[in-house]
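K.L.:
Kindly produce the complete structure, drawing on both the sequences and the hints.
Those sequence lines, one after another, are chains A and B. So for the first sequence, our numbering puts the first residue at 5; every next one is plus one. So for the second sequence, our numbering puts the first residue at 23; every next one is plus one.
Derived by calculation from the structure, the hints in this document are not laboratory data. Ideal Cβ positions, reconstructed from N, Cα and C, are used throughout, including at glycine. Fair warning: there could be bad hints in the mix.
[Said to hold, decoys possible] Heads up, incomplete: computed chain B residues facing chain A, CB under 7 angstroms, no partners named: (1) V108; (2) M109; (3) G122.
[What the hints assert, rightly or not] From chain A, some residues computed to sit far from chain B (all C-beta separations above 12 angstroms): (4) I19; (5) F81; (6) I86; (7) I128; (8) A146; (9) F156; (10) R184; (11) A254; (12) G295; (13) R303.
[Said to hold, decoys possible] Label-pair distances were calculated between CB atoms; the ranges are: (14) B:A83 to A:E200: 35 to 43 angstroms; (15) B:T76 to A:Q207: 51 to 59 angstroms; (16) A:Y32 to B:Y233: 36 to 44 angstroms; (17) A:P105 to B:I91: 53 to 61 angstroms; (18) A:Y32 to B:K79: 49 to 57 angstroms; (19) B:Q27 to A:F187: 54 to 62 angstroms.
Single-letter residue listing:
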Amino acid sequence: MIPLRRAGPVAVLVILAIAPFLTANPFYQRIAALVVLAAISASAWNVIGGYAGQISFGHSIYFGIGAYASLLLFGRFGLPPIAGAPLGIIASFVVSLIIGPPTFRLRGHYFSMGTFAIAALAEILIVNWKFAGGAIGLMGPAMPRSLADLLFRNSLPYYAIFLAVLALLLALTHLMQRSRMGFYLRAIGAGERAAESLGVPVQRYKLYALLISGAFTALAGSLYAVMIGFVDPESGFGILISVNMVVIAALGGVGTLFGPLVGAIILVPLQETTNALLGGSGTGAAYVAYGLIIMLIARFSPGGLAELWPLINRHGRRRAA
Amino acid sequence: MILLQLISDGLQLGAVYALFSSGLTLIWGMMNVMNFAHGQFVMLAMYVAFFCFTLLKVGPAFFVPLAAIGLFGFGVVVYLLLVRHVMRGPMLAQIISTFGLALVLQYSALWAFSANFVSLPTTLVGGVYDVGGIRLSAARLIAGATAIALTAGMHLLLTRTDLGSRMLAVSEDRVAAALVGIRPDPMQALAWGLGAAATGVAGGLIALFFYVSPDVGNSFTLLAFVTVCLGGFGSVPGALLAGLIIGVVESFSAYWLGPATKDVVVYGLFVALLWVRPQGMFGRA
Chain A
5 MIPLRRAGPV
15 AVLVILAIAP
25 FLTANPFYQR
35 IAALVVLAAI
45 SASAWNVIGG
55 YAGQISFGHS
65 IYFGIGAYAS
75 LLLFGRFGLP
85 PIAGAPLGII
95 ASFVVSLIIG
105 PPTFRLRGHY
115 FSMGTFAIAA
125 LAEILIVNWK
135 FAGGAIGLMG
145 PAMPRSLADL
155 LFRNSLPYYA
165 IFLAVLALLL
175 ALTHLMQRSR
185 MGFYLRAIGA
195 GERAAESLGV
205 PVQRYKLYAL
215 LISGAFTALA
225 GSLYAVMIGF
235 VDPESGFGIL
245 ISVNMVVIAA
255 LGGVGTLFGP
265 LVGAIILVPL
275 QETTNALLGG
285 SGTGAAYVAY
295 GLIIMLIARF
305 SPGGLAELWP
315 LINRHGRRRA
325 A
Chain B
23 MILLQLISDG
33 LQLGAVYALF
43 SSGLTLIWGM
53 MNVMNFAHGQ
63 FVMLAMYVAF
73 FCFTLLKVGP
83 AFFVPLAAIG
93 LFGFGVVVYL
103 LLVRHVMRGP
113 MLAQIISTFG
123 LALVLQYSAL
133 WAFSANFVSL
143 PTTLVGGVYD
153 VGGIRLSAAR
163 LIAGATAIAL
173 TAGMHLLLTR
183 TDLGSRMLAV
193 SEDRVAAALV
203 GIRPDPMQAL
213 AWGLGAAATG
223 VAGGLIALFF
233 YVSPDVGNSF
243 TLLAFVTVCL
253 GGFGSVPGAL
263 LAGLIIGVVE
273 SFSAYWLGPA
283 TKDVVVYGLF
293 VALLWVRPQG
303 MFGRA
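P.N.:
Pasting the structure below:
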């Protein structure tokens, strides 16, 4: 490899990493933290939805599990919310093992319909689960009791934590991309029957991908709960949580390493600004824009920006239809 | 007696489910594309009904056909501008395109009409009759009967007419149909038009006895999925039977478990069905 080819993306990443520390504006700092958080969950979705081509609308379940694990441990047992992260990850493994094998028998549209229904089911169950706060939801600590509560007035500590998690996830994804698993997943995404006939253990590798994907999505949920300090059925398990991951990954480019990060850098500030301008997320204007973006991507550039701008996908591999 | 009441309620509602689901099954059968915005089409039709009544003071005899025509046009436009271009593309594009459409419709409605629940006056159509101890509401009865008649009509259109044969030919094999002189494109546009028109009628009918809000669409989309899955992907008679079954299941679970959890039973049934028989109970693979 020519070092110069690596220098470009590395420089971009370094600039992104330090940029929020150079501004004193809390609004920008908060957006920066939210961008990285969205990039974590979209990159996690990307493992199963992008590389393996299984378009899941059910990832809100993992996000919700992480968020609820954190705030349940705080609300019911007085533990610091971050203690819920390992619990959420363990719970995500259990969920993957339960819903993975049955849904993986479904292909294409059927898989998306099935995961959509499971997500809707989970949201209703949470609304009716009194122990977890029902429709009202759960609160985090109002005042920090110790450093372990990770309650900061400033968004920069969150930004740093999220960035570390994102770096870990992208490093793992990068390793996976170049390993046997990466090739298997891309083969599955390109055509399951063909992959199977070539001896790829399709079901097993889809499950591996879901375990990784679900665990990091749950972690993103826990981190969200730690930072925001509140979760209810809609902000944890709502179908829009899944939609966010799908649209962010699709905009940047599914099945590419940096696609979801690029998508998050573009969409999250857009959404936060529209919400700030139009007063809260109640108007739904941001989701009209999201829907239009999704349709435009599907219609004109299914590979996302990575298709138009190969720098995002340095290996230059386009997934086959 | 309560049993009979639940069954009759379920059948009347189920007939309307059957009607909009038969639209979805037609679309799926013709081109193997799922419409994730199907429930939002129903929502649009419900708003057409609501505004026709409140602004123009006209009844269902006017707004149901109007909703059908309006949605027919909308379906054709969606096909021509969106679906036609993505249906041969990657799976991602096929799936997210109509999902994006669903978001646009739902949140535009939220923007334009606010999140408030609105409804038509319950006295708009007839009253409530007591037949042998079973309470029958005229609105639901008319909705159910119309829905069954139209679903049956759609089946006859597909199986008994020349046009239907052309459509079925395209759904069997696009290329072969083109070889014998049937242009696939107009047939598929027609399928989207008819599929959407079915949601138009269904939405107009449901609005007679169901509240209207921007987010009713999602649950209708899932109901249509369950119905199409149970009835077999692509089968109109299957959708009719399945719609009636789902209606009864829903009415029983609402009675025994409470209205809040009735969806759990129906969605759970869907997941279980997909797991056991992804091609549907009576469907082809």
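K.L.:
Now tell me, hint by hint, if it's right for this structure.
P.N.:
Against the structure, the hints:
Taken as an interface hint, V108 (chain B) checks out: its beta carbon lies about 5 angstroms from the nearest beta carbon of chain A, inside 7 angstroms. Look at M109 (chain B): its Cβ only gets to about 11 angstroms from chain A, farther than 7 angstroms, so that hint breaks. The interface hint given for G122 (chain B) holds, since its Cβ lies 3 angstroms from the closest Cβ of chain A, which is under the 7 angstroms cut-off. Every CB of chain B lies more than 12 angstroms from the CB of I19 (chain A), the least distance being 30 angstroms, so the non-interface label holds.
For F81 (chain A), the shortest C-beta to C-beta distance to chain B comes to about 28 angstroms, beyond the 12 angstroms cut-off, and the non-interface label holds. For I86 (chain A), the requirement that its beta carbon stay farther than 12 angstroms from each beta carbon of chain B is met, with the minimum near 32 angstroms. Here I128 (chain A) does not stay apart from chain B, with its beta-carbon only about 5 angstroms from theirs, under the 12 angstroms limit. With 12 angstroms as the threshold on Cβ separation, the claim that A146 (chain A) sits away from chain B holds: the shortest Cβ distance comes to roughly 29 angstroms.
Residue-level check passed: F156 (chain A) sits 33 angstroms from the nearest beta carbon of chain B, beyond 12 angstroms. The beta carbon of R184 (chain A) is kept farther than 12 angstroms from every beta carbon of chain B, the shortest such distance being approximately 23 angstroms. Not every Cβ of chain B is farther than 12 angstroms from the Cβ of A254 (chain A); the closest lies at roughly 6 angstroms, contradicting the non-interface assignment. Its beta-carbon lying about 3 angstroms from the closest one in chain B, G295 (chain A) breaks the requirement of being farther than 12 angstroms from that chain.
Chain B draws R303 (chain A) into its interface by the beta-carbon criterion, the shortest separation being 5 angstroms against a cut-off of 12 angstroms. For the pair A83 (chain B) and E200 (chain A), the supplied restraint of 35 to 43 angstroms is violated, since their beta-carbon distance comes to about 55 angstroms. For the pair T76 (chain B) and Q207 (chain A), the supplied restraint of 51 to 59 angstroms holds, since their beta-carbon distance comes to about 54 angstroms. Checked against the hint of 36 to 44 angstroms, the pair Y32 (chain A) and Y233 (chain B) passes, with Cβ atoms roughly 42 angstroms apart.
Checking the proposed 53 to 61 angstroms range against P105 (chain A) and I91 (chain B) shows it is violated: the Cβ atoms sit about 46 angstroms from each other. Take Y32 (chain A) and K79 (chain B): their Cβ atoms lie about 53 angstroms apart, and the range 49 to 57 angstroms holds. One distance hint, 54 to 62 angstroms for the beta-carbon pair Q27 (chain B) and F187 (chain A), holds here, with the actual separation near 60 angstroms.
Of the numbered hints listed earlier, those contradicted by the structure are 2, 7, 11, 12, 13, 14, 17.
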